[in-house]
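Protein chains in written order, with our numbering: chain A, 216 to 501; chain B, 554 to 928; chain C, 14 to 395.
Treat the hints as calculated values from the structure; they're not laboratory data. Where hints are given, some of them may not hold.
[Said to hold, decoys possible] Far from chain A, some chain B residues (derived; all Cβ distances over 12 Å):
(1) Asp571
(2) Cys709
(3) Asp757
(4) Gly758
(5) Leu822
(6) Ala842
(7) Arg855
(8) Glu870
(9) Leu884
(10) Ala887
(11) Gly906
(12) Glu911
(13) Arg914
[To be verified] Only pairs whose alpha carbons sit at most 30 Å apart, straight line, appear in this in silico DSS-like list of lysine-lysine:
(14) C:Lys77 <-> C:Lys126
(15) A:Lys376 <-> C:Lys64
(16) B:Lys817 <-> C:Lys282
(17) B:Lys817 <-> C:Lys293
(18) C:Lys77 <-> A:Lys376
(19) C:Lys64 <-> C:Lys126
(20) B:Lys673 <-> B:Lys591
(21) A:Lys237 <-> A:Lys405
(22) C:Lys293 <-> B:Lys874
(23) B:Lys596 <-> B:Lys788
(24) C:Lys293 <-> A:Lys376
(25) B:Lys874 <-> C:Lys46
Here a beta-carbon is modelled for each residue, glycine too, at the ideal position from N, C-alpha and C.
Residue strings, one per chain:
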Amino acid sequence: MDFTLTETQQSIVDSAAKLLTKHAGPKRARQVLATSGYDPELASALREAGFLSLMKETGALEAAMVTEAISARAGLVHFGAAAMVAPALGMEIDEPVALSRQRGPVRYGASAKTLLILDGADVRVRRVDSGEARPMRSNFGFPFAELPADGGERLSGAGAKMRAWWRVVLAVEIAGALRGCLTFTTDYVKERRQFGRAIGSFQAIQHRLADCVVLTEASRWLAYEAAFQGAPDDGAEVAISYAAAAARRVFHEVHQMNGAIGFTREHDLHVWSMRLQALALEMGGA
Amino acid sequence: MSVSLFVGSAEEEEFRADVIRFISEYRGLNGFHFQGSKWPEVKALYRAIGQCGWMSIGWSDAAGGLGRSAVREFILWDEMAYARVARPPLGAGIVAKTLIAHGTEAQKQKWLPPIRAGEKFFSLGYSEPGAGSDLAGLSTRADLHGDHYVVTGEKCWTSYAQDSDYLWTLVRTGAVEDRGRGLSLMILDLHAPGVSVRPLPTIDGEQLNQVVLDAVEVPVEHRIGPENAAWRLVKDALDVERHVQFPPARLRRDLEELVAWLRKHEHELDPVVQRTVAALGVGVFEVEALALLVLESVVKGRPGDVEAAQNKLAHAELSQKIARAPFELGLSEALIYGPIEFLYRQSTWETIGGGTSEIMRSVVARQGLGLGGRS
Amino acid sequence: MEFGWSENERSYRNQLREFLAAELPGNWNEMSKDGPGSDAQAAFSQAFCGKLAARGWLTPHWPKEYGGHDAPAWQHAILSEEMWAHGEPRGPQYMNVNWLGPTLMRYGSDEQKRFHLARISRGDVLWCQGFSEPNAGSDLASLSTRAERVGDSYAVNGQKVWTSYCKNAEFCFLLVRTDKIETRHKGITVLLVPMNTPGIEVREIDTVLGDRYFHEVFFTDVRVPVSARLGAENDGWGIAMYALQYERIGLPRYARSARTLELIVADAKSNGRVIDGAFKEKLVAARAMCEAARILYYRVIDQRAHNQPPTADSNVARLALTAADRAVGDLALELGGPAALLYGSLGDGNFRAAMPAGVATGTSEINANLVAQRWLGLPREA
Ligand SMILES: Cc1cc2nc3c(=O)[nH]c(=O)nc-3n(C[C@H](O)[C@H](O)[C@H](O)COP(=O)(O)OP(=O)(O)OC[C@H]3O[C@@H](n4cnc5c(N)ncnc54)[C@H](O)[C@@H]3O)c2cc1C
Ligand SMILES: Cc1cc2nc3c(=O)[nH]c(=O)nc-3n(C[C@H](O)[C@H](O)[C@H](O)COP(=O)(O)OP(=O)(O)OC[C@H]3O[C@@H](n4cnc5c(N)ncnc54)[C@H](O)[C@@H]3O)c2cc1C
Numbered sequence: 216m217d218f219t220l221t222e223t224q225q226s227i228v229d230s231a232a233k234l235l236t237k238h239a240g241p242k243r244a245r246q247v248l249a250t251s252g253y254d255p256e257l258a259s260a261l262r263e264a265g266f267l268s269l270m271k272e273t274g275a276l277e278a279a280m281v282t283e284a285i286s287a288r289a290g291l292v293h294f295g296a297a298a299m300v301a302p303a304l305g306m307e308i309d310e311p312v313a314l315s316r317q318r319g320p321v322r323y324g325a326s327a328k329t330l331l332i333l334d335g336a337d338v339r340v341r342r343v344d345s346g347e348a349r350p351m352r353s354n355f356g357f358p359f360a361e362l363p364a365d366g367g368e369r370l371s372g373a374g375a376k377m378r379a380w381w382r383v384v385l386a387v388e389i390a391g392a393l394r395g396c397l398t399f400t401t402d403y404v405k406e407r408r409q410f411g412r413a414i415g416s417f418q419a420i421q422h423r424l425a426d427c428v429v430l431t432e433a434s435r436w437l438a439y440e441a442a443f444q445g446a447p448d449d450g451a452e453v454a455i456s457y458a459a460a461a462a463r464r465v466f467h468e469v470h471q472m473n474g475a476i477g478f479t480r481e482h483d484l485h486v487w488s489m490r491l492q493a494l495a496l497e498m499g500g501a
Numbered sequence: 554m555s556v557s558l559f560v561g562s563a564e565e566e567e568f569r570a571d572v573i574r575f576i577s578e579y580r581g582l583n584g585f586h587f588q589g590s591k592w593p594e595v596k597a598l599y600r601a602i603g604q605c606g607w608m609s610i611g612w613s614d615a616a617g618g619l620g621r622s623a624v625r626e627f628i629l630w631d632e633m634a635y636a637r638v639a640r641p642p643l644g645a646g647i648v649a650k651t652l653i654a655h656g657t658e659a660q661k662q663k664w665l666p667p668i669r670a671g672e673k674f675f676s677l678g679y680s681e682p683g684a685g686s687d688l689a690g691l692s693t694r695a696d697l698h699g700d701h702y703v704v705t706g707e708k709c710w711t712s713y714a715q716d717s718d719y720l721w722t723l724v725r726t727g728a729v730e731d732r733g734r735g736l737s738l739m740i741l742d743l744h745a746p747g748v749s750v751r752p753l754p755t756i757d758g759e760q761l762n763q764v765v766l767d768a769v770e771v772p773v774e775h776r777i778g779p780e781n782a783a784w785r786l787v788k789d790a791l792d793v794e795r796h797v798q799f800p801p802a803r804l805r806r807d808l809e810e811l812v813a814w815l816r817k818h819e820h821e822l823d824p825v826v827q828r829t830v831a832a833l834g835v836g837v838f839e840v841e842a843l844a845l846l847v848l849e850s851v852v853k854g855r856p857g858d859v860e861a862a863q864n865k866l867a868h869a870e871l872s873q874k875i876a877r878a879p880f881e882l883g884l885s886e887a888l889i890y891g892p893i894e895f896l897y898r899q900s901t902w903e904t905i906g907g908g909t910s911e912i913m914r915s916v917v918a919r920q921g922l923g924l925g926g927r928s
Numbered sequence: 014m015e016f017g018w019s020e021n022e023r024s025y026r027n028q029l030r031e032f033l034a035a036e037l038p039g040n041w042n043e044m045s046k047d048g049p050g051s052d053a054q055a056a057f058s059q060a061f062c063g064k065l066a067a068r069g070w071l072t073p074h075w076p077k078e079y080g081g082h083d084a085p086a087w088q089h090a091i092l093s094e095e096m097w098a099h100g101e102p103r104g105p106q107y108m109n110v111n112w113l114g115p116t117l118m119r120y121g122s123d124e125q126k127r128f129h130l131a132r133i134s135r136g137d138v139l140w141c142q143g144f145s146e147p148n149a150g151s152d153l154a155s156l157s158t159r160a161e162r163v164g165d166s167y168a169v170n171g172q173k174v175w176t177s178y179c180k181n182a183e184f185c186f187l188l189v190r191t192d193k194i195e196t197r198h199k200g201i202t203v204l205l206v207p208m209n210t211p212g213i214e215v216r217e218i219d220t221v222l223g224d225r226y227f228h229e230v231f232f233t234d235v236r237v238p239v240s241a242r243l244g245a246e247n248d249g250w251g252i253a254m255y256a257l258q259y260e261r262i263g264l265p266r267y268a269r270s271a272r273t274l275e276l277i278v279a280d281a282k283s284n285g286r287v288i289d290g291a292f293k294e295k296l297v298a299a300r301a302m303c304e305a306a307r308i309l310y311y312r313v314i315d316q317r318a319h320n321q322p323p324t325a326d327s328n329v330a331r332l333a334l335t336a337a338d339r340a341v342g343d344l345a346l347e348l349g350g351p352a353a354l355l356y357g358s359l360g361d362g363n364f365r366a367a368m369p370a371g372v373a374t375g376t377s378e379i380n381a382n383l384v385a386q387r388w389l390g391l392p393r394e395a
């Protein structure tokens, strides 16, 4: 056990932070959400920086750290699918990648070139041709589409692996978005004054924000641990179950603390908060 | 409406039947949630309500009303909420009732008839960027210059200001240090020079507004009640209006829509789903009981601050529980744009608008339970 | 960063489990049902801790000079997990190992260290903690038990309350006031008081938790030699806070909760009960909370392992420990059905152990205040 970053890890985290400061952030997220919801520029910056091959070259934990950082900066790319789920299945495939459970809306479905379909005990890998995706309108922070889930090349017996890694990716993404919500809201309650004092000085706010710290921190560490251990079924289940519950709770707490301004599109909170719900639901809530 | 705790007298239930008959012509109009985008239709509906005499159903005879009890008002707006057609307009409630109690003859003459007819509409201009929960800290100034005030400042989160005729607004006429004792109420013409209304798009797809007041002239005779005496008036107005503000049938309707949605997506046989729905059903009755306690305090003319705070708190939280159920149950169809997903986003602010849950809890703790408080 | 156990650590845990399997008597569940302070468990702990000490497992993480083996902090964490998960066979002695030892090592005189640490690491002494008073609970700095200097001793007068285990204790780690009450935390001193000193009267308070959880301790002109003072006069607050940092994260409470969940499942299976969707979901959620508490606890252990000063991460972990205990406590009752209401049942035992988590050693509210102020940097409430 060791919670301290190694030198390699530190340098990965630092260079990811630098890239994300330039190519992501709430302002960028609002622009992207107003159009396709997918950010090809961020995707290519990540590709060029070599982050897509982190899992093979360094390890799953490092790939998870970058996934978390992207989510915490409200990036709109399906990095975890391409950089964690696909390589875990031993595949080199065309980005962007989207993940499907055969039914239900597919996140980033409209921009995907490759679809990984979880089909019971198997996985099917399917090319997405242009015009196949039907975009679906949603307010939950990501672009969604309906996609055909037939055909594709079958990977027998890979289903359990895909499910576990998918869960880990979701847990990591949730952890990042939680951190985004927490940091943003902490700053807000320090600044916002009512009754002659910062609202962050009221215990009614402090205690619930302290709970949010617990939920955010534990979500992140559990997700990292599951990634480090290679997504064991058990660890992946625990990580997503905890993170999904945390997402639901924190969403409401931070909106409550931001008051009316939190519902406006010009306040940044929603770029992190709305996606929490989508992530929590992606595997059916657990 | 479906099963409910409340049964009125024979006449009251007859009245309810009339209301339901009236509403049947407006089925499909959701003015409750989409007043902004459906304004022409909602406005026509309000006019029709006015023609029935129902806008002023609870006003006294002398004020041109029907002089009926608060129970009728409750039934009227609860049914409207159940049908989702409309909310009680600010004009016929808080504005008119305050004018009847504290207005001058001229003020009553000027505003009561068009309100009663469903022709003129008001927005609530209380909140400001620096004054949300702490309303007494507001800073929009009104300075007297001869026969008019010059009003400068900024109001925000102003619902429906884009379509309203007037702003029912609280302004500072005294010193900032006087807090609540330095405020006056006035009616400000939203079309007057110096008023600009800017939309604030919200995550329910509708809008709130920012209302910037730049040296807007308001005639002295548009001030309601004495100068610096607004705090009392604002509170009194709440006392006579709180029974229609959070209609419990809205929740009954939310739950019915949830159940219909669960059926449509074939989840209704799942035992976990059934347990959840059953618990929510009990919650609906609980909130209705709390709403009836509020109604009772209004009917009996008792102060009902605690009842109102309890009711607001429980109402807001249940609306969220119902809307969140599909999310808690892990049903990903709920992410896609539609009625259930809409309720999710809409209900998120129920614990903020109209006084936050934290403030409601403080009222229950301090006034209801007698616990100490800071201020 | 890495999240694995070394071969050594794994084998240490296995050896501990084998040891426990061999040493815990067949009627251990029955014997431990009244809690770590009960007479039965306190007596058992004397022999048990002696055996642990003989293997070097009582205080493995202590420096050699104080009877330890310089083992890494992680080894202590593994030890604590296994002990608490199995109903704490060390009885009240877990306190000695968790916070008394480290505090004595840091603040004790050579003589105090030599005397007390040796006894603790042999496993034959029981201590109690005299902090709380009737009017000083969360607000510990307002304590008023007085110690007046009389020659080369102190005369102690006052009352402590909620003191655990002290009926069987030999020493008390006592906080007293040695300056005016208005000085608050600046006028507090620590005394290491033998419980058989004349003038000490102990009265047990009956609780719903088990035996010997709570006592009132009355001090009437109790003479304590100055040599029994820990640290300097009026320097007690810093010492108490140091001790609390260790105590708060002393018990890996999730370990017992997680084990309870395993036992519930085993129990359900052996009774032929179907683990349906709703049951399973609750189990996963509760287990996830235990795991969350575990990983946040590890975060704190990691800081210790790196010799970093304590941070508000320990308050974060404490909140998670409490939340997990509560979730499992409720679930064990719910799933155990009416039988869980019986004294000594799995559900009951776990529930009683979990119940005071949010109050003992500093309440959740106080921990939340500290997280808000120190972790998030929010302003203090005016
Ligand atoms: C949909 C909607 C419609 C609205 N329509 C109108 C309208 O038409 N006209 C109008 O005037 N206003 C309107 N409002 C504004 C509403 O009245 C305010 O949002 C509300 O009073 C809260 O103020 P705030 O948003 O500034 O939040 P703040 O007061 O900044 O509160 C932020 C957080 O701090 C907490 N907090 C504040 N003080 C305390 C305290 N003392 N103790 C503990 N916690 C505290 C709050 O509970 C909240 O969680 C509307 C709001 C919404 C959401
Ligand atoms: C099982 C158990 C064993 C114990 N063993 C010992 C022992 O061996 N030795 C010993 O000295 N003590 C012991 N204690 C006492 C324990 O340390 C105190 O109970 C604890 O510090 C709380 O004090 P109190 O009980 O007086 O509660 P109070 O301080 O009166 O608190 C009551 C409630 O008010 C809340 N509250 C108080 N202040 C604030 C604030 N500033 N903000 C928000 N909320 C606040 C608290 O969080 C709590 O919910 C034990 C307690 C338990 C439950």
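**Request:** Just double-check Arg855 (chain B) for me: nearest Cβ-Cβ distance to chain A has to come out over 12 Å.
**Result:** 28 Å, holds
**Message:** Holds or violated: Lys77 (chain C) and Lys126 (chain C), Cα atoms, limit 30 Å.
**Reply:** Answer holds: Lys77 (chain C) to Lys126 (chain C) is near 13 Å, not above 30 Å.
**Prompt:** Are all C-beta atoms of chain A more than 12 Å from that of Ala842 (chain B)?
**Reply:** Ala842 (chain B) clear of chain A: closest Cβ-Cβ about 25 Å, beyond 12 Å.
**Hint consistency between Lys817 (chain B) and Lys293 (chain C) [alpha-carbon to alpha-carbon, up to 30 Å]** = 26 Å, holds
**Prompt:** Beyond 12 Å from every Cβ of chain A: is that where the Cβ of Gly758 (chain B) lies?
**Reply:** 8 Å, violated
**Prompt:** Holds or violated: are the alpha carbons of Lys77 (chain C) and Lys376 (chain A) at most 30 Å from each other?
**Reply:** It is violated: about 47 Å lies between the C-alpha atoms, which goes past 30 Å.
**Prompt:** Looking at Ala887 (chain B) again, its CB stays over 12 Å from all of chain A?
**Reply:** 7 Å, violated
**Message:** Hinted pair, alpha-carbon criterion (30 Å max): Lys64 (chain C), Lys126 (chain C). Please report holds or violated.
**Reply:** 22 Å, holds
**Asked** Is it correct that the beta-carbon of Glu870 (chain B) has no partner in chain A closer than or equal to 12 Å?
**Response** 10 Å, violated
**Asked** Does the alpha-carbon distance linking Lys673 (chain B) and Lys591 (chain B) stay inside the 30 Å limit?
**Response** At roughly 17 Å apart (the allowed maximum being 30 Å), Lys591 (chain B) and Lys673 (chain B) satisfy the hint.
**Given hint Lys405 (chain A) paired with Lys237 (chain A) - CA-CA distance at most 30 Å** = 26 Å, holds
**Request:** Classify the label on Asp757 (chain B) as holds or violated, using whether its beta-carbon is more than 12 Å from each beta-carbon of chain A.
**Result:** With a cut-off of 12 Å, Asp757 (chain B) comes too close to chain A, as the shortest Cβ separation is near 7 Å.
Checked against the numbered hints above, the structure violates hints 2, 3, 4, 8, 9, 10, 11, 12, 13, 15, 16, 18 and 25; every other hint is satisfied.
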